[in-house]
Amino acid sequence: MERMAQLDVRSKLAILADAAKYDASCASSGTSKRKSDKGGKGLGSTEGMGICHAYAPDGRCISLLKILLTNSCIFDCHYCINRKSSNVRRARFTPEEVVDLTLSFYRRNYIEGLFLSSGIIASSNYTMEQIVRVAKLLREEHDFRGYIHLKTIPDADPELVHQAGLYADRVSINVELPTVAGLTRLAPEKSAPQIEGAMQDVRTAIDDGTDAKKRYKSAPRYAPAGQSTQMIVGADAATDGDIIGRAAGLYGRFNLRRVYYSAFSPIPDASAVLPLQRPPLMREHRLYQSDWLMRFYDYQPGEVAAAADATTGMLPLDIDPKLAWALKFRDRFPVDVNRAPREALLRVPGLGVKAVDAILATRRWRRLRLADVTRLTASVAKVRPFLIAEDWRPVTLADKAELRPLVAPKREQLELFAA
Amino acid sequence: MRVVSLADEDDFEGWRDAARALVQARVPASELVWQVGDAPVDLFGDEAVLAPAAPAPFRVSRAFVDLAQTAILHADPQRFALLYTLLTGLIDQPKRIEDRADPLVRRLEEMAKAVRRDVHKMRAFVRFRETEADGGTRFVAWFEPEHHIVRANARFFVDRFTNMRWSILTPELSLHWDGDTLQEGPPATKADAPEGDPIEEVWKTYYASIFNPARLKTGAMLKEMPRKYWKNMPETALVKDLIAGARARETAMVETAQATPAGSNSQAAWAALRDEAMHCTRCHLYQHATQTVFGEGPVDARLMFVGEQPGDQEDLAGKPFVGPAGQMFDRAVTQAGIDRRTVYVTNAVKHFKFEPRGKRRIHSKPDAGEISACRWWYEQERLIVRPEMTVALGATAARQMLGKTVTISRERGRAIDLPDGGRGWITIHPSFLLRMPDKSRVEDEFAAFVEDLKGAAASLR
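Going down the list, the protein sequences come from chains A and B. Quick note on the numbering used here: the first sequence kicks off at 1 and runs consecutively. Quick note on the numbering used here: the second sequence kicks off at 1 and runs consecutively.
Just so you know, the hints here were simulated from the structure itself, not pulled from any lab data. Bear in mind that the values here come from a model prediction, so they are computed numbers and not experimental data. Cβ atoms here follow ideal geometry from the backbone N, Cα and C, with glycine treated the same way.
Chain B regions said to be covered by chain A (calculated; three or more residues, Cβ under 8 Å):
#1 91–101
#2 113–126
#3 162–171
#4 208–215
#5 270–276
Please take these sequences and the hints and turn them into a complete structure.
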């Protein structure tokens with residue numbers, strides 16, 4: 001503790017940002033609209049859409065000041081760099097230091113707000129109190145109107161978790177691993193029922209808040225940007241099919257805004273229980289794509305899982321899951337751009353939601369030719385085999401062996417969904 | 001040719017008023033030259049003399065107004081003329097604006113999209129520096145947008161930083177907010193902005209620390225943060241070194257972990273892994289097998305043997321190498337002078353695959369998908385045991401070890417370097433000896449098998 005006290009804020013920031021970087025989420029979107037009023041001391045605003053103020057060379061968006069209050073922890077979760085038995089340097093911010101950092105970064109337009117998490121010190125309740133205190137200072141002392149995301153601690157007093165939701169735009173609890181067996185092995189002190197129980201509590205509080213808001217305009221907002229969670233991919237034996245199923249269950253039961261996937265990556269001073277090899281980053285990318293198919297393209301979880309290999313349960317790495325699904329269910333194609341319903345158009349590989357809406361708008365008053373589709377999509381070569389247009393009918397679709405090399409991308413795609 | 005002069009690059013109202021009068025007079029787009037300010041662009045042009053507005057014969061949809069308001073901020077000098085061309089087209093075809101595949105609509109939408117992106121990037125990438133000026137604190141930023149968006153974007157900064165005093169300086173104009181009113185100033189230069197801010201060093205510390213060197217994706221970074229914005233963002237000065245150091249940092253992490261002696265918790269790690277494997281459903285084989293048959297032996301073994309899959313007896317006992325082939329294996333190992341208690345034995349596939357025939361369960365060879373589904377366990381076992389030498393017994397094990405199909409007769413009997421640092425050795429599976437039709441050759445083959453095992457053990461030193 002002696003040395004810890006001597007660390008200046010910048011050295012602490014280096015330690016406590018480094019310790020926070022394994023959380024994938026940095027989203028600042030989906031909250032209510034706010035702005036500052038003249039004459040007060042209010043600072044900040046939020047729009048529906050989040051803003052990424054910078055990007056790191058790992059391709060991830062930097063939207064929030066993402067830090068831990070402390071990286072000391074009484075737990076010994078093997079996948080975690082901050083576990084009790086790890087040799088990393090420890091540091092601890094005071095709530096006031098976090099508030100100062102947040103405000104000085106925000107005033108310079110570096111960030112949208114704060115994402116605060118913490119190792120567990122003393123007790124879960126004590127730690128949760130400290131986290132809530134930071135949010136309370138920001139909102140009440142400084143009238144901060146920017147975005148706040150708080151990580152809650154599963155076994156903390158529900159009243160504290162409730163307070164967190166009153167100050168925060170978003171709250172989250174990480175399920176950590178897709179399988180219970182994996183959680184037992186890698187985070188022996190955490191319990192799946194406890195984590196899910198806490199998520200259920202948050203869901204109830206959010207639902208109650210929405211309900212109260214409908215009846216009383218003055219009712220306080222409770223976590224207007226909802227709750228999210230994160231799973232580590234590649235540290236346990238879960239297949240992509242298992243992960244998709246788990247995510248679908250979580251979305252359904254807890255009404256989550258987002259499930260984040262974080263490909264397990266090597267950490268300094270790793271525990272011997274942990275695999276040393278990381279899964280390909282493309283695997284994480286394919287899971288995000290499958291997540292999008294469920295959230296924006298009306299795929300059922302079972303349908304996304306059907307895009308995975310039947311024996312191994314793994315999604316192909318070389319092509320995206322939408323294309324994999326289309327190649328597997330060829331009888332659903334070709335789709336006629338001039339007649340097909342929206343749901344069928346959304347299944348065409350290479351047609352995004354915007355392109356589909358543009359097609360629907362255009363065809364209200366004339367029939368589309370292939371040249372029209374070309375103007376609306378990034379790659380007509382990818383779409384063509386699956387479409388019928390006024391002047392186009394595909395011929396290669398019947399022959400599976402020939403089609404894949406035609407439509408599969410030559411190079412690795414960029415990560416599009418880095419949040 | 002008529003010249004229409006607009007007050008500013010982003011003068012939407014001026015364009016709208018002129019366009020409204022011109023389109024009502026049915027002036028074709030080809031007769032107009034649009035310009036900003038009074039500078040003559042066409043010496044032979046006449047000022048557009050507009051007829052007094054006729055009673056509104058034609059209305060335009062909200063969608064067009066929205067498109068025009070945004071696209072007019074684009075840097076392309078042709079934008080005024082393109083919008084006017086589309087507007088005249090809407091006289092006869094009011095629905096054309098909904099034809100999203102129409103080339104002109106498309107082009108203007110692309111322009112609007114570029115403008116929206118620039119607006120968003122300005123909100124993201126403006127960096128204020130704190131200064132002390134005329135008796136108070138002021139936050140000043142220098143920004144160079146691609147399109148004419150500064151005025152249109154002012155509201156965002158006013159709403160967000162209402163109670164701060166700030167200025168945004170750009171090459172086209174400056175914005176100054178004093179907490180109450182927004183004022184416009186003349187174009188500025190970078191030299192007008194403050195040179196630094198001590199907090200920038202703290203921000204750079206954050207940027208460097210939040211970056212995960214184990215997942216380098218510079219393409220994704222460049223897509224969202226193109227180089228053209230870098231010059232006014234202090235943190236981008238670090239990018240080059242962060243990328244250069246990333247690979248080294250990741251390699252160091254993995255090496256440190258590998259160099260860590262098979263420590264105090266590898267026995268616990270192995271037990272936890274085995275417990276997790278008991279619930280494995282990575283492929284369908286778990287549905288009919290009795291249980292997962294995990295590997296067995298000391299976790300610091302120098303020699304690891306990999307078989308094909310558990311058989312009928314292993315499936316019931318939950319232990320590898322206890323059936324007839326296992327007994328054959330034990331005999332060969334002993335003859336090769338290897339202490340069976342010092343080696344780790346496991347299988348490439350950890351559930352029994354069989355076809356029921358009457359009351360018997362007949363062994364069935366695992367396919368490529370099943371082998372690949374089980375690879376995860378094989379790799380995790382190897383990460384804990386870290387054997388110096390891995391002996392693959394038969395084709396399935398060889399496939400698991402090398403990740404590809406090989407011919408046993410061609411590869412057997414010599415050390416092969418493995419990608420994870422250890423070495424491998426390929427030989428037959430003991431069940432091959434049990435199934436040989438020509439019993440006279442069994443003795444020779446057994447001797448060759450023992451020779452292989454001896455060779456593998458000898459190359460340990």
